[in-house]
Structures are given as structure tokens and as C-alpha cells.
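These protein sequence lines map, in sequence, to chains A and B. Heads up: the first sequence begins at 1 in UniProt numbering, then just goes up one per residue. Heads up: the second sequence begins at 1 in UniProt numbering, then just goes up one per residue.
To be clear, the hints were calculated from the coordinates, so they are not data collected in a lab. The structure displayed is predicted, hence computed values, not measured ones. Hints are all accurate, no fakes.
Some chain B residues judged to face chain A by a derived CB distance under 7 Å, without partners named:
1) Pro36
2) Phe43
3) Ala122
4) Arg132
5) Val133
6) Phe283
Computed spacing ranges between beta-carbons, pair by pair:
7) A/Trp170 to B/Arg199: 54 to 60 Å
8) B/Arg15 to A/Asp118: 33 to 39 Å
9) A/Ala48 to B/Trp56: 54 to 60 Å
10) A/Glu210 to B/Arg55: 33 to 39 Å
11) B/Val53 to A/Ser42: 54 to 60 Å
12) A/Phe250 to B/Pro191: 29 to 35 Å
13) B/Arg189 to A/Leu102: 26 to 32 Å
14) B/Arg72 to A/Ala48: 44 to 50 Å
15) B/Gly70 to A/Glu52: 38 to 44 Å
We treat Cβ as the ideally placed atom computed from N, Cα and C, and that holds for glycine.
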Amino acid sequence: MISRGERLANYVILSVFAAFALFPIVTILGAALGPAESGGTSGPANFAAAWEAGRFGTYLRTSLAVSAFVVVVSVTLSIMAGYAFGTMRFRGRSALFYLFMLGIMMPSEAVAVPLYFDLRSLGLIDTFWSVALPQVALSVAFGTFWMRAYFLASNRAIVEAARIDGASTWRVLWQVLVPPARPAVVTLTVLVFMWTWNEFLIPLIMVTSESLRTAPLGLAFFQGQYTSGFTLLAAGSVIVATPVVIFYLFLQRHFVRGLLQGAVRE
Amino acid sequence: MTQRTTAGRPPGEPRRVAYLYLLPAFVIYAAFLLFPIGRAVQFSLYDWDGLSVGRWAGLDNYAAIVADEGLRAAFGHALVLVVFYALIPLGIGLVLAAVLNHAKVRGLGFFRTVVFLPQVVAMVVVAVAWRRVYAPDGTLNGLLGALGLESLARGWLGEYAFALPAVGVVGTWFETGLVTVLLLAGMSRVPGELYEAARLDGAGAVREFLAVTLPSVRGEIAVALTLTVIAALRTFDLVYVTTRGGPGTSTTVPSYEVYHRAFGLGQVGSAAAVGVTLTLVIFVISFGVNRFADRRLT
Chain A
1 MISRGERLAN YVILSVFAAF ALFPIVTILG AALGPAESGG TSGPANFAAA WEAGRFGTYL
61 RTSLAVSAFV VVVSVTLSIM AGYAFGTMRF RGRSALFYLF MLGIMMPSEA VAVPLYFDLR
121 SLGLIDTFWS VALPQVALSV AFGTFWMRAY FLASNRAIVE AARIDGASTW RVLWQVLVPP
181 ARPAVVTLTV LVFMWTWNEF LIPLIMVTSE SLRTAPLGLA FFQGQYTSGF TLLAAGSVIV
241 ATPVVIFYLF LQRHFVRGLL QGAVRE
Chain B
1 MTQRTTAGRP PGEPRRVAYL YLLPAFVIYA AFLLFPIGRA VQFSLYDWDG LSVGRWAGLD
61 NYAAIVADEG LRAAFGHALV LVVFYALIPL GIGLVLAAVL NHAKVRGLGF FRTVVFLPQV
121 VAMVVVAVAW RRVYAPDGTL NGLLGALGLE SLARGWLGEY AFALPAVGVV GTWFETGLVT
181 VLLLAGMSRV PGELYEAARL DGAGAVREFL AVTLPSVRGE IAVALTLTVI AALRTFDLVY
241 VTTRGGPGTS TTVPSYEVYH RAFGLGQVGS AAAVGVTLTL VIFVISFGVN RFADRRLT
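Please take these sequences and the hints and turn them into a complete structure.
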């Protein structure tokens, strides 16, 4: 049905666009593997040099700790809140739900400034909590919305059966509803991990000590200090990007499908 | 009793325990999002430097957003970025997705992975990479030189006329993959018979696209526009790392003004007003686009 010419045109369009998408990525990978301007290293040794000079070990550890905390806490709380919204009736249900909805649209830019000043007067600035908790709040709004949609569509008959068997609401949630919800939970986990790992403004404002810098923040400072060449900066960028890219490549099928389901569902 | 199972009513039974399930999420949400946005509104009504006692300013900070040339420019720049982040990717995405949807090409999975990759990489990394592309001795000028177009080479991020579009192109690069993948998913749900019927009615490729493909992806277009417009309005990391608003003020954007005013200039009230205004603009756009999408269902 499709002529050879049309097929060729399709491949040309695909290739041109893939090249556009890969161009900056190839640029930075090429630079990271090239000879360093300052001399001394080249190839894979650049990564070791950048790791050393940029103290990326510390930053990655902080990012990992913050991301793990935000993912575990916000996914757990989202499952619980989504369960309540999706399967139970109570006074103020829709009003409360709309209140959560506002949080999906609220940009961190608007709340970061008052948060900084209020947390400063509480003495919480420059702590793990000042970086992690605001991001839990940002993620929990979306997560609740996400899990509610899942639980709304879940199988009511199994729930009723479990309840007749005398299961508590707690057991119904974790033993009946959550196990089949794994794809939805995985997608939520990937999204929250990605957003948290890549967040820039909140760590930028909340953190002054170097040991609490997250990886993107550390990279931005490294860029400011390291002006003598691009090679090590490129290597540092690759180091910062790699964990999420690996995570994405592993789970991309879930991730893209989940994203699409979520997008069209509402 | 039969009423309870009527479609359209909330599922489940009345349960007070629901409040207990909501409580932990709500406490964190209220403490770190709802309360701060309230405080932002409060801050925005004061003239405050973050240190001394604030002075009541009423709506002065909001009036300044209209009157102050710098602030007005920042919001204007955000609108320019909407074109680069949302409208151009939508145009490219529609063409790409329409082509891909028809073509049974190999490597579609690879292509999807590649065009989606920019969404995954931290914006700081994206910004570092593009700084390199745009640098006076960078890859873009190198490419132009190789094509014999040296005369077009320049320091893209350093010139008044080019800095904002240069930042915008990064947004196009960043969002086009997302838009394409969303639209492709929508188009792949269109039943093949519709296309055959259109072809039998004598519709060409363009007519077919306008009559069959476009109406069926209205929902996806709405989702894509919501996501990309909000991303455009919120641009921060990219500007922070590439231009810091410069040269001059040619690439300032609202979220950068929030940061710069609060922590650079000590104008916390003004920063809060910009943040609140930005939030309102995002609310209005989200509701507007979603109403457009909802109409499709009725």
C-alpha cells in the first residue's frame, strides 16, 4: 500500500528528527570522551577526573537519599489518599479532591520563596527536610490524583468479597488492591523519581552547605567554578544524567504507556 | 438501596476511616504547598526586603507587574517561549505523528526512545549541552562553517536579538518528542476503516488529515498543550544556567524574576506577587485547555 518513495521519505523524516534530538547529546558525549583542555586526561579517565574535581560522589549520594525518601513517602501516602478518594464516600469528598487538584498545577516557583523564609525562621533551612518535604508535597498531589483514577476503576467485587471475609480496610488496600496495581505504582515511582532527581529550584534555594547539594545543583556550581574547559564539565553532566537515563531505559515501556493512560484518562 | 449502585454516584460506602487515609498526605500537602501559597499571597501585599519589618503595600506589587517595564518584559518573554515550547512542537508533532502513524517503519520503538530522551535528562544537563552547541566556538557554528555559512556564525546566547529565540529552540528540542509520542498514541487508536472510508470518498492526504486525524486527537492536543505551555511559563533552570536573564534583560522570565528579586535584589514582596501571578496564569490556562478537551466528550 505504501509506495517505496513514501517509505523512503518517512525514513528521511525520522532520521532528520532523530538527529536533531541526539545532536546536543552527542555533542556532550563527544566532549566528555575527548582530550581535556587542561591536559592530563582523555577518554574514560575524564569521568574519574570530573568525579574527583566536582565531588560528584557527595552530590549523587544526596540526590539518591532525597529521591529515595520522596519516592517512598509520597508513593505510600498517595496510595492511601487515592484509596480513600477512589473507593470511599465521605463528607467533603469532592471539595477535598479539588483542593488536591490545585497542587498539581501549583508551580514550585510560587511557594519556594515563602517556604524559604518560613523554614528559615524555624531553623530548618539547609537541612535534608527543607529539600525533601516540599517535594513530597508537590508529588503527593499528583500521586493522589493518579492512584484515585486507578482505584476508581478497580474491581469492586473482590473488595466486597474480602470485606465479607472480615478483612479490614487496611488489609483490603495492601493485600487486595495494591498487588494488581503494580504497573500504576511503577509509573508513579518513575515519574516522581525523575521529577525529584531533576528538581533544581528547591535545592538551589534551600541548601547552602556543599554536602547537601543535589546532583543538578552540584553541576550548576561546577559549571560556575570550572571555566578552564568543557571536557570535565561534559563528563560531569554525563555523570549527573546517567542514573535517570538508566532508570528510564529500564522502565520506559511502563513509563510511556502509563503516561499516556494518565493523559487520556481525564 | 438500589440508588446506591446507580452509575455516576461515588463508589463505595460511607466511611469515616477515609479521613485517616487522607490525613498524612493532607498534612504534608497543606504544610508545604497550601500554607506557603497563602503566605505568598500575604507577602505579595507587602513591601519587604526579607530582613526588616515589611511595609503594607496593598496591590502595588501587582500594579508594578503591569507598569514595570522589566516585569512586563519577563511575562512577554514567557509568551515568546510558549510559541517555541508549545506551538512549534505541536506543529512538528502533528506532521511527524501523522507520517509515523501511516508508515509501518522499522525502528519506531528506537525512535520513540530517542525523541523522548530529552524529557528525562535533567534541565541543568540540557542547558550545559546547549551552551556548548551555542558557544562562539561551539558545534552549531562549527556546523555552519562546514556548510560554508561562516557568515551566519555568532555567539548565539550573547546577542540581544538571538538569545531569547536560542533559549526557545532548546524548549522546542525538549518538548517535541513528548508532543509527538502523545499524538502518536492518540492517532493509533483511530480505526483503520475511517481512513479507508475517507480514501473512498476521494479525500487526499491533507483532507484526510483534517477530516479524520485532527478531530480524533483533540484530547491529546489539549493534554500536550497544557503540559508544554506550563513548562514554557515555568522555565527557570534553563535560563539560570544559560543566560541568567542576559544579555541585558533580553531573556528574563517570570520564574527567574521570582528568584532574582527574592534572593538577588531583596524585593521579596515583588517576587511573591510575580509568583502568585504566574500561578494564576497557569490555573487559567489549565482550566481553559481542559474545558476545550471536555467539550469533545459531550
